[in-house]
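Going down the list, the sequences are from chains A and B. Numbering-wise (the working numbering), the first sequence opens with residue 1 and increments by one. Numbering-wise (the working numbering), the second sequence opens with residue 1 and increments by one.
Keep in mind the hints are simulated off the structure, nothing from the lab. Be careful, since some hints might not be right.
Below, in silico cross-link-like pairs of lysine-lysine (DSS-like), each with a Cα-Cα straight-line distance of 30 Å or less [to be verified]:
1. A:14 / B:93
2. A:121 / B:93
3. A:121 / A:174
4. A:122 / B:93
5. A:122 / A:174
Negatives, chain B to chain A, calculated, CB over 10 Å [as the list claims (entries may be wrong)]:
6. 44
7. 55
8. 58
9. 132
10. 177
11. 188
12. 189
13. 221
14. 223
15. 226
Cβ-Cβ distance ranges computed for the label pairs, FRET-style [what the hints assert, rightly or not]:
16. A:109 / B:65: 57 to 65 Å
17. B:132 / A:170: 53 to 61 Å
18. A:112 / B:37: 23 to 31 Å
19. B:57 / A:159: 49 to 57 Å
20. A:134 / B:38: 19 to 27 Å
21. B:230 / A:170: 38 to 46 Å
Every residue, glycine too, gets a C-beta built ideally from N, C-alpha and C.
What follows is each chain in one-letter form.
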Amino acid sequence: MIEVRKLIKRFGLKYVLRGLDFEVEQGEFVALIGPNGAGKTTFLRILSSLSRPSMGEVMLAGYRLPHQAAAVRSQLGVLSHQPLLYGDLSAEENLTFFGRMYAVSDLETRIGEVLELVGLKKRRRDLVRTFSRGMQQRLAIGRSVIHDPQILLLDEPYTGLDQDASSMLDDVLKAVTAEGRTVVMTSHDLARAADLASRFDILSRGVIAASALHADIPPDGLLAFYRRTINQEEEPALVS
Amino acid sequence: MSVKSTSVKPITARAPSFLQAVGAVVRKDLASEFRSRELLSAMFLFALLVILIFNFALELNARERGEITAGVLWVTFVFAGQLGLNRSMAIEKDRNCLDGLLLAPVDRSAIYFGKMLANLLFMLIVEAIVLPIYSILYNVNLFHPGLILVIILGSLGYVTIGTLLATMAVYARTRDILLPILLFPVVVPLLIAAVRASSAFLQNLSMEFVWPSLNLLIVFNLIFIAVSYMTFDFIVEE
Ligand SMILES: Nc1ncnc2c1ncn2[C@@H]1O[C@H](COP(=O)(O)OP(=O)(O)O)[C@@H](O)[C@H]1O
Ligand SMILES: [Mg+2]
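Taking the hints into account, I'd like the entire structure generated from these sequences.
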């Protein structure tokens, strides 16, 4: 579903991704973990066509970036810690706008379903400006799935969510994977990642430094796996 | 080495047509603006101030008024328009909504044209309110079909290049200062053509005096639209 070969991304002289290879089959749920500044956000922005690769090949859902970007985008749902919503529009109006941008058929019914899913039916006519951070993020979840995308790209989606909203996102993600959708998620929260993902990839120094299936990691073993990988990577000179 | 695509065959999904996407962006901007009226009220107040200041600063007799009207009008439109362009892109950038727009499965130029048309509508609305006020204050009749055509063409050219440059400026920390610095030099030729054509119409000169400026206006419009269409994608992608 996702195939990335020798991906390089640099900002000026600074290399963030250094020949990264990455492959995801349909139905997999990959947790992308790594230290701050490792390039997780940068990588997801490239996958979502918001950022151009400096070099390398990127294919999603059978389409190649950057040339078939519009076709790729039609298959993507993207959720980050910023809700990407309009404050001066109501919840319903925001979803109407995004639904139109994805040519969602029978939009009114779909908006009803989505509002139900994220638990905002009662607030649907209220301006997003008046929503709490958690409610905005709920609506953002709705925005990212309104067109029933094949691939979900999530960048720290749990940031700013309260207990209720977090377990709602858990449910949405479980439902989405049960339908055979593909998910790539970055998260600081290893416990959450351990709970949801079918595979763990560690991004460090611009490449996928290690990858392990959920089945191969003992319960509570994710942190140890993560530490081991990061420490191996670290050059002795850098260890204080 | 190349990626083999045998494993995944392309999935076709729905995507809006170019025009549907443009329409969705325009409707979104109008809905948002009629809710907050942030942009229109700022543009309108600013335009009113400029006109009043000119009215009091220059004490003119009737003949002089006829001559400077075109200049005063366009200065007003340019400054008020600049304010609108800045706000229109700031709304997209402040909450990073621009990313949300850019994720839509359409050619990015559809997003550009949507923003541009919304900006054009806002500018025309402000102009439609300013013109009668100006007519009354200066006692000049501005309801000349030729002048209205020039105003539409000039505004179109202005927001065409203005939307593109506002998008560029919005990525900079100093966007409020950057936009006029980028925009005003580029629109000077357009402005000269618009002022000349407006002035010729207001003084009821024969068409042979109007054509050169009018042609120039049309050419600028075509160039600005072509340039924006070709470059927008590169401006918004990192
Ligand atoms: N637009 C940009 N310009 C320059 N440097 C950038 C840009 N975006 C990200 N970076 C740099 O790339 C590195 C990786 O950032 P990021 O992808 O946000 O990491 P992560 O999400 O893993 O914490 C950081 O060092 C950051 O400073
Ligand atoms: Mg990040």
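- Index of numbered hints that the structure contradicts, given in increasing order: Per hint list: zero violations.
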